[in-house]
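For the record, the sequence lines run as chains C and G.
Position one of the first sequence corresponds to residue 2 (this note's numbering), numbered consecutively onward.
Position one of the second sequence corresponds to residue 122 (this note's numbering), numbered consecutively onward.
Honestly, the hints are just simulated from the structure, not real lab data.
Some clues are possibly wrong.
[What the hints assert, rightly or not] Pairs of lysine-lysine, BS3-like flavour, derived with a Cα cap of 25 Å:
no., chain 1, residue 1, chain 2, residue 2
1, C, Lys-116, G, Lys-250
2, G, Lys-538, C, Lys-336
3, G, Lys-302, C, Lys-336
4, G, Lys-334, G, Lys-234
5, G, Lys-356, C, Lys-467
6, C, Lys-152, G, Lys-534
7, C, Lys-283, G, Lys-259
[Said to hold, decoys possible] Simulated coverage check for chain G against chain C, where a stretch passes if three residues somewhere in it have a Cβ under 8 Å from a Cβ of chain C:
no., stretch
8, 310 to 320
9, 326 to 339
[To be verified] Residues of chain C placed beyond 12 Å of chain G at every Cβ, according to the derived structure:
no., residue
10, Lys-40
11, Arg-80
12, Thr-87
13, Asn-93
14, Ala-99
15, Arg-134
16, Lys-152
17, Ser-160
18, Asn-236
19, Asn-326
20, Asp-376
21, Glu-389
22, Arg-402
23, Arg-431
24, Pro-438
25, Lys-467
Using N, Cα and C, we set each Cβ at its ideal position, and we do this for glycine too.
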Amino acid sequence: MSPVNKTRSLSTRRAAAEVQLRPERELRAITNRVLRLAKSTGIPEAEVHVDEVIDALTRFANNTIHQHVAEHGLTVSMRVVVDGRTARVTTNRIEEDALRAALESAASLAASQPKDPGLLPLPAKQKYRAVRRFSPATAALSADSRARAVKNACSLAESRGQIAAGIFSSGQSQSVLANSRDLFAAYRQTQAEFSVTMQQGSATSWAKSNAADFRAFDPMALAKTASEKAARAENPAELAPGRYTVILEPAAVLDLVGFLFYDFAATAIQDQRSCFSGRLGKPLLGKNITITDDVYHPEQLGAPFDGEGIPRQRVILVDNGVPRNLVYSRRSAKKAGTRPTGHAFALPNEYGEAPMNLVIGGGKASIDQMVAGTDRGLLVTRLWYIRELDPYEKVMTGMTRDGLFLVEKGKVSRSVRNFRFNQSVLQMLRNVEALGPARRATAEESFEMVVPPMKINDFHFSEVTKF
Amino acid sequence: MWDYCGHSLDIARLRGATYADVRVMHLRQRDLTTKSGEVGTLGQSESIGLGIRVVVSGAWGFASTDQLTREGVAACAAQAVSIAKASALAKKEDVQLAAEPSYVDSWQGPCQKDPFEIPLEAQIDLLLKADAAMRQIKGVTLTETDMQFRKIDSWFASSAASKIHQRRVLSGCGIVATCFKGDAIQKRSYPNSFGGQHILGGYELIEAMDLIKHAPQIAEEAVALHSAAQCPEKKSTLILGGSQLGLQIHESVGHPIELDRVLGQEANFAGTSFLTLDKLNHLRYASPIVNVVADARPAHGPGLGTFAYDDEGVPAQCIDVIRDGEFRGYLSSRETAHLVGLQRSGGTMRTESWNRLPMIRMTNVSLLPGTWTPENLIADTDDGIFMETNRSWSIDDRRYQFQFSTEIAWEIKGGKKVRMLKNPSYSGITTEFWNSCDAICNADHWVLWGTPNCGKGQPMQTMGTGHGAAPARFRNVKIGTAFSNE
């Protein structure tokens with residue numbers, strides 16, 4: 002996404018961020034020091050991750066800022082491989098004595114376990130595709146600038162007799178990964194997020210956006226969206242539970258479909274706990290469903306390498322309704338007789354890998370068009386407290402939240418009380434009647450992905466709550 | 122550490138703070154897991170740093186740093202002041218705190234056997250043996266075990282002259298057997314799901330849990346669940362095992378009584394609460410046999426919510442939450458106590474780490490024991506369902522409507538457990554559910570369960586909470602809706 006300067010009120014000139022990320026060379030010097038220490042203490046193979054984070058968050062409620070925080074931290078995480086055994090120690094102390102002690106602890110941990118016949122040697126040097134996800138303007142966004150944007154949202158709420166709550170956060174981070182076989186990878190990014198809940202009477206609604214560059218979204222526009230929906234959400238009617246046609250906004254799609262992410266891990270298949278066990282290569286979802294993992298998508302964030310330093314690949318996971326491919330760590334790939342895809346978690350771990358940059362192919366229907374084409378259904382803003390009921394059929398439970406609206410004869414007619422759903426995600430993805438354009442979505446139950454809004458038939462609501 | 126605390130407070134005062142408190146925290150953690158006979162996670166971590174919270178111009182600011190030098194903590198304090206000044210741009214009223222004396226103290230939680238001193242080989246060996254004991258049962262397709270240990274030192278100081286050092290050691294362990302067969306996955310966990318049991322204490326917990334002894338039984342149950350009857354959909358008498366009841370308390374009592382939620386401060390993320398201020402002392406929350414306290418005092422037991430002082434320097438207290446079924450009290454902080462006219466904070470401000478702001482969290486929110494034994498309770502139940510060990514949990518953002526499912530259930534007929542049921546679930550409205558409670562088991566069967574994974578706040582913080590509970594009975598509860606297609 003190309004950043005556009007929608008938010009002229011958010012000046013970054015007032016104050017460059019007081020704290021800056023260290024130059025990459027300083028992090029590289031730390032990795033070199035650890036690898037040198039490892040060599041000098043007789044540890045044959047070592048891997049070092051150095052992560053630095055600078056984050057700030059302005060939190061508001063009741064039309065005022067009530068929490069306002071900043072953090073700066075750096076961690077050094079080192080893994081050793083000694084005689085077919087591995088272990089990891091992480092510290093945020095970077096003086097030489099502390100690094101040496103951490104290495105010795107890692108070696109001691111490693112030696113305390115039985116030999117692992119499946120453990121692989123560290124990977125050699127890799128080549129990475131460059132990604133640019135660092136916005137100097139976002140890195141420099143000041144507390145004052147965030148506070149002024151929040152004040153504007155609160156003023157809007159007050160002018161309409163509403164109550165605003167939410168966050169405006171901004172931050173920057175960098176990671177480097179090096180190992181004793183000359184692998185070196187580095188990545189840095191910025192991130193900003195604005196989330197707002199507007200309350201009118203007992204009704205609420207919500208809007209949220211997240212991007213590498215804060216200029217990619219407009220806090221005031223988000224506040225207006227939430228405000229207008231909150232006004233429409235007053236006096237909800239109670240409907241009977243049952244099966245409804247639903248139009249899920251992208252945040253609602255994200256939070257449900259996001260629960261599939263670990264099912265695409267080869268390790269989950271090998272452990273027989275994936276919903277795709279025994280179902281790969283067979284028609285399972287609707288033909289209009291294609292799911293890809295693609296860290297290089299312009300709206301995605303994240304490093305182009307995994308926890309072992311293997312370059313991330315774009316992987317088509319579901320192709321027109323058929324689950325085709327999985328993601329692999331080096332270990333699960335070797336077990337399956339294939340090549341790693343660059344999706345491993347840092348070792349040692351028992352989960353293997355997962356796709357973290359899902360992109361669900363979209364369509365052309367706008368939400369307004371979906372509403373216009375619906376005789377009776379429900380428009381869902383957002384979902385809440387989603388948990389898994391049945392891991393193989395992927396039945397999830399949860400609640401609607403912050404704006405549930407009845408659609409009748411092609412128009413949004415009124416708000417309705419929130420429902421509990423008990424719904425198979427697999428079944429849901431067989432019942433998708435229409436898709437809108439896919440875009441980066443953010444909510445609270447899943448990490449950010451690129452997903453479309455969806456119109457879905459026979460969505461199962463089991464009970465209704467009191468508001 | 123006190124030098125860093127004192128210096129940062131001095132800088133904050135010099136730059137205009139009218140109140141400040143600072144926490145230096147040193148956190149150490151060890152994580153061990155196995156999966157299907159192999160070591161999974163094997164790692165240790167430590168983190169040390171300082172976080173300072175200030176009031177300037179009547180508004181809050183917080184900053185944190187891992188640069189533990191005089192220059193580093195001074196810069197951090199100055200940043201907190203600068204942030205507070207920015208907060209004042211969107212201020213309605215000046216921050217005011219309920220009065221609290223200052224304290225100078227040092228306290229160490231109970232820990233008979235320091236888990237970081239126990240040989241790692243012995244810890245791994247125990248997990249691998251428990252793992253092997255589960256895999257001996259035919260039909261088990263995946264086995265998992267875990268241990269987790271934390272040691273947390275905190276140095277708290279405030280501009281009101283408090284200086285408090287606390288050390289807490291936390292331990293946890295659990296095992297899980299999974300069976301994938303046909304088109305279903307079933308699993309059983311011991312002593313609880315989602316990481317097992319967790320306490321404020323040391324390796325004595327691991328020894329007491331005797332994971333190896335219980336491994337075959339849960340593995341057999343995971344396999345047997347595939348042949349069990351489906352839990353029916355109906356209204357029925359429900360008996361909940363202690364760990365499931367602990368989570369029920371957490372979700373439908375513990376969260377609704379958080380005063381920050383009640384006052385709308387969590388409206389954007391964790392949600393609000395149906396327990397509006399008018400309901401205090403005026404709501405029949407539960408049946409008259411129900412008594413719930415929020416008790417952080419060591420005398421309540423070694424829970425994840427046990428401490429001597431909270432993270433804004435208020436001593437641990439026991440708060441009446443529900444007394445004889447009536448709603449009596451909230452979880453509060455110094456700021457929220459002042460806002461609602463309480464004389465004093467309830468002492469529930471807790472932080473995950475040095476880089477996070479303290480916020481209102483559950484301490485040990487516990488259902489006090491009743492008079493029954495589990496045997497008598499079952500014998501007294503003509504037609505009902507006994508459910509144990511949580512499988513899923515969900516509740517709306519105002520804490521009215523909930524739905525839980527458990528790993529296993531037993532049908533009760535004529536005062537006896539007659540058969541195993543699979544895919545059990547129940548649902549309801551919070552106050553209706555608690556008002557249907559007609560029997561609670563006695564202190565011999567009361568366990569202070571640990572919930573290590575309670576998420577709240579932005580940035581998100583994970584906190585451990587304690588929930589004392591004994592098995593209890595509820596009448597006329599909606600059963601089986603989660604797995605119904607209607």
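- Find the nearest Cβ of chain G to the Cβ of Asn-326/C and say whether that gap is larger than 12 Å. 21 Å, holds
- In terms of Cβ atoms, is chain G entirely out of 12 Å range of Arg-80/C? Not fine: 9 Å to the nearest Cβ puts Arg-80/C too close to chain G.
- Message: Just to be careful, I want the Cα atoms of Lys-334/G and Lys-234/G compared with a cutoff of 25 Å; is the pair within it?
- Response: 21 Å, holds
- 25 Å Cα cutoff - pair Lys-302/G, Lys-336/C: Judged against 25 Å, a Cα distance of about 22 Å means the pair holds.
- Task: Measure nothing beyond the straight line between the CA atoms of Lys-356/G and Lys-467/C; if it is 25 Å or shorter, mark the hint as holding.
- Result: At roughly 20 Å apart (the allowed maximum being 25 Å), Lys-467/C and Lys-356/G satisfy the hint.
- Task: Given that the stretch 326 to 339 of chain G was listed as covered by chain C, double-check it with a C-beta distance under 8 Å for 3 or more residues.
- Result: violated (count 0)
- Does the claim that Lys-467/C lies off the interface hold, with its Cβ farther than 12 Å from every Cβ of chain G? 5 Å, violated
- For the pair supplied as a hint, Lys-283/C and Lys-259/G, is the alpha-carbon distance within the 25 Å limit? 29 Å, violated
- May I ask you to check that Ser-160/C keeps its beta-carbon over 12 Å from the closest beta-carbon of chain G? 15 Å, holds
- Item | Minimum Cβ distance from Thr-87/C to chain G greater than 12 Å, as the annotation requires | 7 Å, violated
- Task: Could you let me know if the closest chain G CB is still more than 12 Å away from the CB of Asn-236/C?
- Result: 17 Å, holds
- Query: Since Lys-152/C was said not to touch the interface, does its Cβ keep a gap of more than 12 Å from each Cβ of chain G?
  - Reply: Lys-152/C is in fact no farther than 12 Å from some Cβ atom of chain G, at 4 Å.
Consistency with the previously given hints fails for numbers 2, 6, 7, 8, 9, 11, 12, 13, 14, 16, 21, 22, 25, ordered from lowest to highest.
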